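Trainee: As a plain string of letters, each chain reads:
2 protein chains.
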Amino acid sequence: MSKNDSRSFVEQIADINENFPQWYTDVVIKTQLVDYGPVKGTMVIRPYGYAIWENIQHELDKRFKATGHQNAYFPLLIPMSFFTKEAEHVEGFAPEVAVVTHAGGEELAEPLAIRPTSETIIGNMYSKWVQSYRDLPVLINQWANVMRWEKTTRPFLRTSEFLWQEGHTAHATEEEAMEETMKMLGVYKEFAENCLAIPVITGRKTEKEKFAGAEATFGMEAMMKDGKSLQAGTSHYLGQNFAKAFDIKYLDKDGALKYVYTSSWGVSTRLIGAIIMAHGDQRGLVLPPVVAPVQAVIVPIAAKKGGVMEACVALKARLESAGVRVKLDDTDNSPGWKFNEWEMRGVPVRIEVGPRDLEAGKVMIFRRDTCVKEEYPLEGVEESVQSLLAAIQRDMLEAARARRDERIVDADDVAGILRGVEGGNFVRAGWCGCRECEDKVKAETAATARVYAAENTHEKCAVCGKKAAHTIIFARAY
Amino acid sequence: MSKNDSRSFVEQIADINENFPQWYTDVVIKTQLVDYGPVKGTMVIRPYGYAIWENIQHELDKRFKATGHQNAYFPLLIPMSFFTKEAEHVEGFAPEVAVVTHAGGEELAEPLAIRPTSETIIGNMYSKWVQSYRDLPVLINQWANVMRWEKTTRPFLRTSEFLWQEGHTAHATEEEAMEETMKMLGVYKEFAENCLAIPVITGRKTEKEKFAGAEATFGMEAMMKDGKSLQAGTSHYLGQNFAKAFDIKYLDKDGALKYVYTSSWGVSTRLIGAIIMAHGDQRGLVLPPVVAPVQAVIVPIAAKKGGVMEACVALKARLESAGVRVKLDDTDNSPGWKFNEWEMRGVPVRIEVGPRDLEAGKVMIFRRDTCVKEEYPLEGVEESVQSLLAAIQRDMLEAARARRDERIVDADDVAGILRGVEGGNFVRAGWCGCRECEDKVKAETAATARVYAAENTHEKCAVCGKKAAHTIIFARAY
Chain A
831 MSKNDSRSFV EQIADINENF PQWYTDVVIK TQLVDYGPVK GTMVIRPYGY
881 AIWENIQHEL DKRFKATGHQ NAYFPLLIPM SFFTKEAEHV EGFAPEVAVV
931 THAGGEELAE PLAIRPTSET IIGNMYSKWV QSYRDLPVLI NQWANVMRWE
981 KTTRPFLRTS EFLWQEGHTA HATEEEAMEE TMKMLGVYKE FAENCLAIPV
1031 ITGRKTEKEK FAGAEATFGM EAMMKDGKSL QAGTSHYLGQ NFAKAFDIKY
1081 LDKDGALKYV YTSSWGVSTR LIGAIIMAHG DQRGLVLPPV VAPVQAVIVP
1131 IAAKKGGVME ACVALKARLE SAGVRVKLDD TDNSPGWKFN EWEMRGVPVR
1181 IEVGPRDLEA GKVMIFRRDT CVKEEYPLEG VEESVQSLLA AIQRDMLEAA
1231 RARRDERIVD ADDVAGILRG VEGGNFVRAG WCGCRECEDK VKAETAATAR
1281 VYAAENTHEK CAVCGKKAAH TIIFARAY
Chain B
831 MSKNDSRSFV EQIADINENF PQWYTDVVIK TQLVDYGPVK GTMVIRPYGY
881 AIWENIQHEL DKRFKATGHQ NAYFPLLIPM SFFTKEAEHV EGFAPEVAVV
931 THAGGEELAE PLAIRPTSET IIGNMYSKWV QSYRDLPVLI NQWANVMRWE
981 KTTRPFLRTS EFLWQEGHTA HATEEEAMEE TMKMLGVYKE FAENCLAIPV
1031 ITGRKTEKEK FAGAEATFGM EAMMKDGKSL QAGTSHYLGQ NFAKAFDIKY
1081 LDKDGALKYV YTSSWGVSTR LIGAIIMAHG DQRGLVLPPV VAPVQAVIVP
1131 IAAKKGGVME ACVALKARLE SAGVRVKLDD TDNSPGWKFN EWEMRGVPVR
1181 IEVGPRDLEA GKVMIFRRDT CVKEEYPLEG VEESVQSLLA AIQRDMLEAA
1231 RARRDERIVD ADDVAGILRG VEGGNFVRAG WCGCRECEDK VKAETAATAR
1281 VYAAENTHEK CAVCGKKAAH TIIFARAY
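Taken in order, these protein sequences are the chains called A and B.
Numbering follows my numbering, with no gaps: position 307 of the first sequence is 1137.
Numbering follows my numbering, with no gaps: position 279 of the second sequence is 1109.
Treat the hints as calculated values from the structure; they're not laboratory data.
In this text the structure is predicted, and so the values were computed from the model without any measurement.
Each hint should be verified, as a subset may be incorrect.
Unchecked claim - Computed footprint of chain A on chain B, listed as stretches where at least three residues anywhere in the stretch have a Cβ under 8 Å from a Cβ of chain A:
| id | stretch |
| --- | --- |
| 1 | 948-961 |
| 2 | 997-1005 |
To be verified - Restricting the straight-line Cα-Cα distance to at most 30 Å, the calculated cross-link-like pairs of lysine-lysine (BS3-like) are:
| id | chain 1 | residue 1 | chain 2 | residue 2 |
| --- | --- | --- | --- | --- |
| 3 | B | K1083 | A | K1157 |
| 4 | A | K1040 | A | K1083 |
| 5 | B | K1083 | A | K895 |
All C-beta atoms in this analysis are idealised placements derived from N, C-alpha and C, irrespective of residue type, glycine included.
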């Protein structure tokens, strides 16, 4: 029976090497992270997926507050006229907007956009709230839903509605606004690495890839197991663009009226997609302990034998007291079925408790990341589980980093970039800085400029051969 | 100067006895809980208001999880056709719905409603997820924004968009669904009393006042300082109405296919309005410690004198370690200004630290609820503050209960109900159970049937004089 069990799950998931997109879809649906909503392009985040989001929120919110930010909530509906106030912004977002034209049984005098992002409505409020230098900086974050009407959608990665946080700050000086922009990029990187176990490359985006309305966008890019890049978060230095569009001015100490400088930064439920594709394997999800809804699952073996279930219940209580998010699977499925189910759902640690184990005063513990099973004494098992969880968290980051680092290659021409990305790599190459060369790379390789590399290691533009202004990380991207 | 300070604040707030509605508006705006959004009827929840909501969320979410519920997230946009599947539901909600007709630059084939509540879209998903008795019960909650287009709006009390939680559960039997409905009503009551310090009367609603689509609605009603009632939360037993409309069926142990029974229950940012109007006074807000964003504010007196600011910083650290949400007001405003500002903002406890106090090893502590100031030794001040906060929480509930209990009166006829509600009371009266008599009370007194009283204390209907089927709590309501 348990052999049939194991096959029944694995057979349902497409081959991760042969068909990565189908593997992704199979995993997100079968593990009940998400389901398709009734309106095309929408998703329902099911409890198992939402619990990951809650853990992400908890970790990020802590960091936002520790860096002086407060949460607030701004309206969902934005007058369409607000978008036209910032020229680049309207061009970038108007085509994706969902529009409310009727409400309360009447046609509205002005159509209202469902927020695709909130710079405009928040700028409008800041212009009321900011009067003097004493009101600065304004450091506000919002947890909210946003809507961007997309043609091609995939759960977590690109859906018409998604959940995110958007930080919006206003400062007296350019330096402070830029410092904030970089600080939050740093917060995101530290969070991605230490909580999601995903190593990221941070850097500036090209003009073409920047946020509509920003002076400069900085992104963090994560490598998925298929070698493609996923933009996992962005932080924008907005200069005075929105300050001028929304008239956000303050009376400075010197008596002069000045425009503020603003920043905005966000991450979304996309991060759940990143976790799946950075760590998952043929058996399904592999969840980093910090954000795993269940960190340890207890599976009784021969549960009806004397003392087994009682020992499991006691063990569960001990682990709970130790602060471990633990589940006891006391259903009447077979142990083999349970093993496969919880492996598929990515639970970091499985504890098997059988009658012979109990007699010998030990348990078997299975690590999901390495799929290695070892014996541990029952006494002090809380400490064993805690240090295992810490080790898994650390090892998952290092494994992901190793996988990524061996897949960053260099190229000196477009053919090299193509070879690189076709081989599932990130490709470092020189770029002269012109839009034409950037477009040419995309047209010929389907790769885009992800971020400026931290160091300029290439002297010539891979496209035109002229002097390189920057070294770029090129990749195909989600 | 400090005399001027105190006047400057108080003068800005309308007289609570003369003009309660204006007092409310003054308080919510001047304390920066909320601001008006650019679209009529919308609100911006500012950081100070949102922090109260976060504390409410934290307390409720803990209770939902302890009673076995999980969070999830369902789409904002609902096909209009879903509403027509439950006849009462569409009648109740269609007139208030905001409708998306265009998205991504195109007209939509079917208009989409922004959720006013999610029974329909969640019912649609449950019909996919529920197959067998093993899938039951489904115990899901959602934290979300909802939209109901209202003609007359007031911040927190009635706005086109608001934040709330909506629990949606599905059960195998009528008994279980009813048990859930009552359990969550009990959770709300315990939360309102112990966290918000607001005593509530819970009970069944009349057919006229029930939720559109429910078999039975149970509400909790709180008395505001003007004697009006505020519906602070509702729990609905939905029977099989939505199960039949959305075809939510399960295969029972006996092999028969059966419809589930569902419940739904919700509270919203309205609760912030309840806190303001249940506890506030002429100086402004009075916040219950459990949900106050700042529980204690430290005000240095003669801050430039040696050692004062250092002592305040040290005190702040000590209180933080003790788990108190504490703020040190180190701005250069005068102490009098600070006293008035933090009193207006409802901070439960103010600690004044001056040079003479320090010499004597003591501090002055002001309680916002009673406006009494007393001396406390600096040593062990953490414990003093903690027990003061607990005492304030308890005393605020008892004070609110005493205020309310002396304003519940009885009436035997419509004139008596009118006299009662005009005097700012809840009125207990008999009701025969017919819609005509209920409508007559409303037409002649502007009071509505809030809930069935727990006990039937009146024998005759106050309107028609026939035998009373129930004793009703009548009140004017928000």
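Trainee: Go check the stretch 997-1005 of chain B versus chain A for me, would you? Three or more residues, Cβ under 8 Å, otherwise it fails.
Mentor: Per the Cβ count (0), the hint is violated.
Trainee: Is the hinted pair K1083 (chain B) and K1157 (chain A) satisfied, with a Cα-Cα distance of at most 30 Å?
Mentor: holds (26 Å)
Trainee: Given as covered by chain A, does the stretch 948-961 of chain B meet the bar of three residues or more with CB within less than 8 Å?
Mentor: holds (count 5)
Trainee: Tell me if the straight-line CA distance from K1083 (chain B) to K895 (chain A) falls inside 30 Å.
Mentor: violated (51 Å)
Trainee: Hinted pair, alpha-carbon criterion (30 Å max): K1040 (chain A), K1083 (chain A). Please report holds or violated.
Mentor: violated (34 Å)
This entry does not satisfy hints 2, 4, 5, going by the numbered hints stated previously.
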